[in-house]
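> The chain contents come next:
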Amino acid sequence: MVQQKESVTLGMWVFLAQEVMFFGGLFMAYLLYRVWYPAAWAEGSQELDVMLGGINTVVLIGSSLTMAFAVRCAQLGQNKATRNWLLLTLVLGLVFVVIKGFEYYHKFEMHHIPGADFVFHGPNADQIQIFLSLYFMMTGLHALHMLIGFGILAWIAGMAHKGRFSPEYYSHVEMAGLYWHFVDIVWIFLFPLLYLVDRVHHVG
Amino acid sequence: MTTPAYPELNYLNATHGIRSWLLTKDHKRIALLYLISVTVFFGLGGMFAGLIRLELTTPAGDLLAADTYNKMFTMHGIVMIFFFLIPSIPAILGNFLIPIMIGAKDLAFPRINLLSWYIYIIGGSFTLYAIVVGGVDTGWTFYTPYSTSASNTNVLPTGIGIFITGFSSILTGLNFIVTIHRMRAPGLTWFRLPLFVWAHYATSLIQILGTPVVAITVLMLAAERAFGIGIFNPALGGDPVLFQHLFWFYSHPAVYIMILPAMGVISELVACFSRKPIFGYSFVAFSSLAIAVFGFLVWAHHMFVAGISPYAAMVFSFLSFAVAIPSAVKTFNWAATMYKGAIWLASPMIFVFGFLGLFTIGGLTGLFLASLGTDIHIHDTYFVVAHFHYIMVGGAIMGYLAGIHFYWPKITGRMYPEAWAKFSALAVFVGFNLTFFPQFILGYMGMPRRYHTYPPEFQVLNVLSSAGATILAVGYSIPLIYLLWSLKYGKVAGNNPWGATGLEWKTQSPPLTENFTETPIVTEEPYDYARQGAHVG
Ligand SMILES: [Cu+2]
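These protein sequence lines map, in sequence, to chains A and B.
Read in the numbering used here, the first sequence has 151 at position 151, and its numbers run on one by one without any break.
Read in the numbering used here, the second sequence has 26 at position 26, and its numbers run on one by one without any break.
Keep in mind the hints are simulated off the structure, nothing from the lab.
The structure displayed is predicted, hence computed values, not measured ones.
Hints may be right or wrong, so weigh each one.
[Stated by the list, open to error] Below, a sample of chain B positions facing chain A; criterion: calculated Cβ distance under 7 angstroms:
#1 V213
#2 G228
#3 L236
#4 V241
#5 F286
#6 L289
#7 A290
#8 I478
[Stated by the list, open to error] Below are the SDA-like pairs computed for lysine to any residue, each with C-alpha atoms no more than 25 angstroms apart in a straight line:
#9 A:K100 <-> B:F109
#10 B:K276 <-> B:W505
#11 A:K5 <-> B:L12
#12 B:K105 <-> A:M12
#13 A:K5 <-> A:S166
#14 B:K506 <-> B:N10
#15 B:K105 <-> A:E6
#16 A:K100 <-> A:R72
#17 A:K5 <-> B:F227
#18 B:K340 <-> B:A322
#19 A:K100 <-> A:Q75
#20 B:K340 <-> B:R275
#21 A:K107 <-> B:I308
#22 B:K25 <-> A:A68
#23 B:K25 <-> A:H172
#24 A:K5 <-> B:R275
#25 B:K488 <-> B:F109
#26 A:K107 <-> B:A328
#27 A:K5 <-> B:A14
#28 B:K422 <-> B:A346
#29 B:K105 <-> A:A68
#30 A:K107 <-> B:Y143
#31 B:K25 <-> A:I152
#32 B:K105 <-> A:I152
We put the beta carbon where it would ideally sit given N, CA and C, even for glycine.
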């Protein structure tokens, strides 16, 4: 049992290393074009709703906190509390995704979805399309990870509901926690990189 | 010595029916599932190669139209690299052997292991679909913007296939890393591990850290092609060279995903058939890790003529020379192991000699390409084609065949006809050299790759190359026949037909589902041939 738990923990960290490299390719593309097109990056960033992005950041950090409580309760074998914290985490995650959905919808209305329907006026239109392409791919993949996380949270909450966890047996919750924190951390990088580019020169 | 009896109960007959195979969690059965599917893809890739060589027997493009020819070499590359070479040794021999070599019952995550095979099959199906409905013509490198905005072939399904299959490779690597860390038998310290396991550990690191990068790159490419966005399209402000950087960041290390496991096989066999402990064990072990690390720092040597800065080119040239050092360390240690050894020229060892010769030529010609000046002359010529085939076919497939022959008695419990195996090894070696050595000369004389026509003065060498390919095809086909034959008629092998050291030879052949009746305890140093003597049986 101990060996099994150690294996699962190591496996999770290896998986997360893989995830870092997966997102890394997008960050590399972001870095290159940010250096090439600083003006377009600043202008494109203005198109994003920093208010909604900011609220989402708070929501997601809050969900990491509730997730940490869930892990702690599972370690103590408090199944009911574990279940409740997990469900609260899930609700906060849903809030994030719904807000994200509104942001996407707004982009759709503005014809700011890159591709055939993309409309943007000004000299930097092509470069801003690259910015928004990366924005959608990065936040889209992040949101996809959140959706997968919902499935995991629901499953683990179901296990907690059945009273399956004990101080000797809680690695499911711990692994779900690692995954969830990882998804949060990705957002912690995405938010400033996408929403706060050079904002100081444009305030007011 | 009496003939050993075939074990009544083993992993092959433990359960029956197709379901017991398709839902198996036994690493050995999953290895066989991989063996079958990988062999199918090898046949497919070989067929494309045959058509390419057939077209090139004459200077005119008389067999295949230019478009069709483009598809042939593209699909040859894609099938051989992503669906044959990358899974071959790790997913078949690694899967089968690593748990047994470390005295474990199975891999750390048996269900993930089975999942990885299904992912491989799903990815393979997408690619097969792309082939059936008309193929792809971008070259296996998918260079943008051709692949995203010009090609009218099936880039999307192929890309999706490769994206999916990548996760099969990632999960295999993840499983190996955790297994090697956590599941070793008592007494089996890191420095008592077989070098095969070290090689796979290094390979797994590359699979974990490299494959996700190509996955996200293919995803960006697919998005660009599907929606017409411009991340890699210079007409829309994107940078095609960024694609090349991301692509080669994986695809250079991918070469080591193919060759490192083969090197692991070679280390085992050289020690066994020289009846000596491996010379410089820790150097061989750490050189695998060194290759994995340095392998990530050389990718831009594929881009010397793509407009990268000369300073970057100089650094990448230097690092590419440096990565040759750990490979040379291995080669010298193998030579030193054989020196004054009592070499037994059994058929697997003939394949090993084939590997050593071909890999050395492939490695040394790589240095020509790592040099900035010569690379400009031979870039995108048949010199490059010959070079990487010496590594990936001469090296990796020779190592694969050596391993399949060496471990066949363990996998199936039966011996194959030795004389035929030697003949096959010889045919592969001769056929291979005849196919690819002329291509060095053709490339040096300036014949570019990826064209279906060429000037008449190149015909003699091209005919030689095609003739060699025929011999090579024979060499690859015979094992298919006699290995299948051996399943029924082969002599019973016994636990240890080669008199080799290692836990895998202490258990029965074929092993029980749980590998060992009780967890083994390791007290010996690795490759202790001096103490053990040459006990066969
Ligand atoms: Cu390379």
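> With reference to the structure, classify each hint as holding or not holding.
Against the structure, the hints come out as follows:
1. Here the hint on V213 of chain B is kept, as its CB sits about 5 angstroms from the closest CB of chain A, short of 7 angstroms.
2. With a least beta-carbon distance of about 5 angstroms to chain A, the hint placing G228 of chain B at the interface is held under the 7 angstroms criterion.
3. For L236 of chain B, the interface hint holds, the least distance from its beta-carbon to any beta-carbon of chain A being 5 angstroms, beneath 7 angstroms.
4. With a least beta-carbon distance of about 9 angstroms to chain A, the hint placing V241 of chain B at the interface is violated under the 7 angstroms criterion.
5. Among the interface hints, the one on F286 of chain B is violated; its C-beta lies about 21 angstroms from the nearest C-beta in chain A, farther than the 7 angstroms criterion.
6. Proximity of L289 of chain B to chain A is violated relative to the hint, the smallest CB-CB distance being about 16 angstroms (cut-off 7 angstroms).
7. Taking 7 angstroms as the C-beta cut-off, the interface hint given for A290 of chain B is violated, the closest approach to chain A being about 19 angstroms.
8. Because the closest C-beta pair between I478 of chain B and chain A is about 40 angstroms apart, greater than 7 angstroms, the hint is violated.
9. Restraint check: the Cα-Cα separation between K100 of chain A and F109 of chain B comes to about 35 angstroms, which exceeds 25 angstroms; the hinted pair is violated.
10. Between K276 of chain B and W505 of chain B the alpha-carbon distance is near 16 angstroms, which keeps this suggested pair within the 25 angstroms criterion.
11. As the CA atoms of K5 of chain A and L12 of chain B are separated by approximately 30 angstroms, the hinted pair breaks the 25 angstroms bound.
12. A C-alpha spacing of about 21 angstroms is found between K105 of chain B and M12 of chain A, which places the hinted pair at or below 25 angstroms, so the restraint holds.
13. In summary, the hint linking K5 of chain A to S166 of chain A is supported, as the alpha carbons are separated by about 14 angstroms, within the 25 angstroms threshold.
14. For the hint pairing K506 of chain B with N10 of chain B, the CA-to-CA distance comes to about 15 angstroms; that is within 25 angstroms, so the pair holds.
15. Between the alpha carbons of K105 of chain B and E6 of chain A the distance comes to roughly 17 angstroms, so the proposed pair stays at or under 25 angstroms and holds.
16. As the CA atoms of K100 of chain A and R72 of chain A are separated by approximately 29 angstroms, the hinted pair breaks the 25 angstroms bound.
17. With a C-alpha separation of about 44 angstroms, the suggested pairing of K5 of chain A with F227 of chain B is violated against the 25 angstroms cut-off.
18. Between K340 of chain B and A322 of chain B, the direct Cα distance comes to roughly 30 angstroms. Violation of the 25 angstroms bound is thereby established for this hinted pair.
19. Distance restraint check for K100 of chain A and Q75 of chain A: the Cα-Cα separation of roughly 33 angstroms exceeds the 25 angstroms cut-off, and the hinted pair is therefore not satisfied.
20. Restraint check for K340 of chain B and R275 of chain B: the C-alpha separation of about 10 angstroms stays at or below 25 angstroms, so the hint holds.
21. Between K107 of chain A and I308 of chain B the alpha-carbon distance is near 36 angstroms, which puts this suggested pair outside the 25 angstroms criterion.
22. At roughly 34 angstroms between alpha-carbon atoms, K25 of chain B and A68 of chain A are farther apart than 25 angstroms, so this suggested pair is violated.
23. Proposed proximity of K25 of chain B and H172 of chain A is supported: the alpha carbons are some 21 angstroms apart, at most 25 angstroms.
24. At roughly 40 angstroms between alpha-carbon atoms, K5 of chain A and R275 of chain B are farther apart than 25 angstroms, so this suggested pair is violated.
25. Only pairs whose Cα atoms come within 25 angstroms are accepted, and K488 of chain B paired with F109 of chain B is rejected, the gap being roughly 32 angstroms.
26. Annotation: proposed proximity of K107 of chain A to A328 of chain B is violated, straight-line Cα distance about 56 angstroms (limit 25 angstroms).
27. For the given pair, K5 of chain A sits about 29 angstroms from A14 of chain B by alpha-carbon distance, which is inconsistent with the 25 angstroms threshold.
28. Using a Cα cut-off of 25 angstroms, the hinted pair K422 of chain B and A346 of chain B holds, with the two alpha carbons roughly 8 angstroms apart.
29. For the suggested pair K105 of chain B and A68 of chain A, the alpha carbons sit about 35 angstroms apart, so the restraint of at most 25 angstroms is broken.
30. With a C-alpha separation of about 31 angstroms, the suggested pair K107 of chain A and Y143 of chain B falls outside the 25 angstroms cut-off, and the hint is violated.
31. Between the alpha carbons of K25 of chain B and I152 of chain A the distance comes to roughly 23 angstroms, so the proposed pair stays at or under 25 angstroms and holds.
32. The straight-line distance between the Cα atoms of K105 of chain B and I152 of chain A is roughly 29 angstroms, outside the 25 angstroms bound, and the hint therefore fails.
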